[in-house]
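*Asks:* Make the full structure from the sequences, and use the hints.
What follows is the residue order along each chain.
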Amino acid sequence: MEKILVGLKRVVDYNVRVQVKSDGSGVETDGVKMSINPFDEIALEEALRIKERGEASEVIVLSIGTAESQQQLRTGLAMGADRAILVETDASTDPLTAARIFQAIIERENVDLVILGKQAIDDDNSQTGQMLAAVWGRPQATFASAVSIDGNTARVTREVDIGLETIEIDLPAVITVDLRLNEPRYVKLPDIMKAKKKPLDQIPFADLGVETAPQIKTMKFEPPEGRQRGIMVEDVAGLVTALKDKGLV
Amino acid sequence: MTKVLVIAEHDGAALNPSTAKCVSCAKQLEGAEIDIAVFAASAAAVAAEAAQISGVGRVLTIEREENDPAVAAILAPQIAALASAYSHVFGPSTAFGKDVMPRVAALLDVNQISDIMSVEGPHVFKRPIYAGNAIVTVEAPAESPLVATVRTASYQAAEGGNSATIESTNIDAEIPTHTRFVEVQTGQSDRPDLQSAAKVVSGGRALGSEENFELIYKLADKLGAAIGSSRAAVDAGYVPPETQVGQTGQIIAPDLYIAIGISGAIQHITGIKDAGTIVAINKDEEAPIFEVSDIGLVGDLFSIVPELTNALD
Ligand SMILES: Cc1cc2nc3c(=O)[nH]c(=O)nc-3n(C[C@H](O)[C@H](O)[C@H](O)COP(=O)(O)OP(=O)(O)OC[C@H]3O[C@@H](n4cnc5c(N)ncnc54)[C@H](O)[C@@H]3O)c2cc1C
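For the record, the sequence lines run as chains A and B.
For what it's worth, my numbering labels the leading residue of the first sequence as 1335, then goes sequentially.
For what it's worth, my numbering labels the leading residue of the second sequence as 5, then goes sequentially.
Hints listed in this document are in silico derivations from the structure and should not be mistaken for laboratory results.
Even glycine gets a Cβ: it sits at the ideal position worked out from N, Cα and C.
It is possible that some hints are incorrect.
To be verified - Within a straight-line C-alpha distance of at most 27 Å, the following computed DSSO-like cross-link-like pairs (lysine-lysine) qualify:
hint: 1; chain 1: B; residue 1: Lys222; chain 2: A; residue 2: Lys1578
hint: 2; chain 1: A; residue 1: Lys1578; chain 2: B; residue 2: Lys130
hint: 3; chain 1: B; residue 1: Lys287; chain 2: A; residue 2: Lys1580
hint: 4; chain 1: B; residue 1: Lys130; chain 2: A; residue 2: Lys1554
hint: 5; chain 1: A; residue 1: Lys1554; chain 2: B; residue 2: Lys277
hint: 6; chain 1: B; residue 1: Lys277; chain 2: A; residue 2: Lys1367
hint: 7; chain 1: A; residue 1: Lys1528; chain 2: A; residue 2: Lys1367
hint: 8; chain 1: A; residue 1: Lys1551; chain 2: B; residue 2: Lys31
Unchecked claim - Not everything, but these chain B residues come out facing chain A in the computed CB check (under 7 Å):
hint: 9; residue: Ala110
hint: 10; residue: Met121
hint: 11; residue: Gly136
hint: 12; residue: Glu295
*Replies:* So, in structure tokens, the structure goes:
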């Protein structure tokens, strides 16, 4: 296959304990560390491995967002992607519009395989990959924990609630990845230098001719109802008594 | 007029409890008429179960060979075709629902509301973001069909005792052949199912090996509990992936959850926030798991767990 397209979303780093702003208008992002969505890093790693096995010739990374997302794209290039595309928009992009943007890029680039994270850890929607597959009219293999390519088909093992499901899909297709698919490589300093020379195209959203999908409005943010810290018991006997008191054993 | 179509999750033989939880969510919509759709090769057994769920008006069966086993790309166009008669289409936020529902939403040209925790109005819902560290109230446009997944841990299964009509339906939709089911491997176990179990005993990285997980199994068997785990335990190969609890594993709400040798990372806690009672056993008194536990015991699991198992005779 020729080209693999990978999505890289800029999100609040997974180690940050996200706080809701006191006025309920959003979450605190000022001065907060931003990173590539961890699932997207796994998606990129998989694309790079496919290319390194000689099964694809080019890996393109795509981000949708403000100019700041260039940072994440540069990291992707340092990991080994060949080139990057930033679709520039100030608005945060809903999953269906994101899927339409991917579709527009796929048409421009003649992509054979799209690999995305199974969800972004900010809005936790888990929609974009499936929606892209629908918009594109192509197969989807979500929550992948193993991928093998065989000519014009891919065999994907998926993590489902009862175990592992394997499906076979015709290419082109969309794969969304789960955490256990691989372990992303670390970026080395020389790679960061090299990445600066790799092409990064910026396309204003308005130039793509993509129609924005009907919006789901967020009216309010609030912190979750916390659980109360309970009691500590001294020993097993204390634990058994506490469980009996609650009628649990 | 609020008309809700709930997409049944099943394995061809039995209905998954997630379906009755979706019905509970749908019932929160005022004056809702609720139908369940069963896509299967032969739907009779599953439809009979679905017809018993209280609050359901009709069970629609859509029988064709291609519907067994369920593949998202095959189901989605059929669901989208059926959706035109409904204001809302709900599926569970299980692996099944998360796979198929966004595909349906895109075919209907709408965004999806993922993981409904509560219903605030016909088009207004609450849902978690940032691994449950924030809850948002969202409003979908009233003029388009509303596609959503229901966070099953937020709902009790609707009761039985109903006898809804069962109607067989034909759907004119083009079925793709580009996606083929190969196999499913499932850890054969006589233990209760993690999603629906009343009690769950869960082990983390501290267990140290697959053999040591025997301690967890013994305690679970004593309690009649399902087995859970942390991502670290799964990644280390101590237990199969379907046991993982958390943001990227299963979100569960048992009456009793016992976390053993699990530190309590946010991504893990997300999966158990709705549990009745959380018990933590950890040798580190500073472990974050204790902040969310109802009962905590500091100590070495390798002595505590066998002692506890014996004490429960
Ligand atoms: C995007 C993303 C998604 C994730 N999703 C999930 C998820 O769904 N579920 C999940 O669980 N994790 C998830 N994680 C991983 C999570 O961040 C933690 O790394 C993981 O939960 C840690 O597992 P653990 O508690 O078993 O291991 P550790 O954090 O290593 O904790 C082990 C605990 O055992 C205790 N211990 C050690 N020895 C003993 C002993 N002898 N007796 C008693 N206690 C002992 C230690 O004090 C420690 O608290 C995710 C991470 C990311 C980045």
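*Asks:* None of the hints should be skipped; say for each whether it holds.
*Replies:* Verification of the supplied hints:
| no. | hint | in the structure |
| --- | --- | --- |
| 1 | B:Lys222 to A:Lys1578 | holds, 19 Å |
| 2 | A:Lys1578 to B:Lys130 | violated, 35 Å |
| 3 | B:Lys287 to A:Lys1580 | holds, 24 Å |
| 4 | B:Lys130 to A:Lys1554 | holds, 9 Å |
| 5 | A:Lys1554 to B:Lys277 | holds, 21 Å |
| 6 | B:Lys277 to A:Lys1367 | holds, 26 Å |
| 7 | A:Lys1528 to A:Lys1367 | holds, 24 Å |
| 8 | A:Lys1551 to B:Lys31 | holds, 23 Å |
| 9 | Ala110 | holds, 4 Å |
| 10 | Met121 | violated, 9 Å |
| 11 | Gly136 | holds, 6 Å |
| 12 | Glu295 | holds, 6 Å |
In summary, the structure is inconsistent with hints 2, 10 from the numbered list given earlier, while agreeing with the others.
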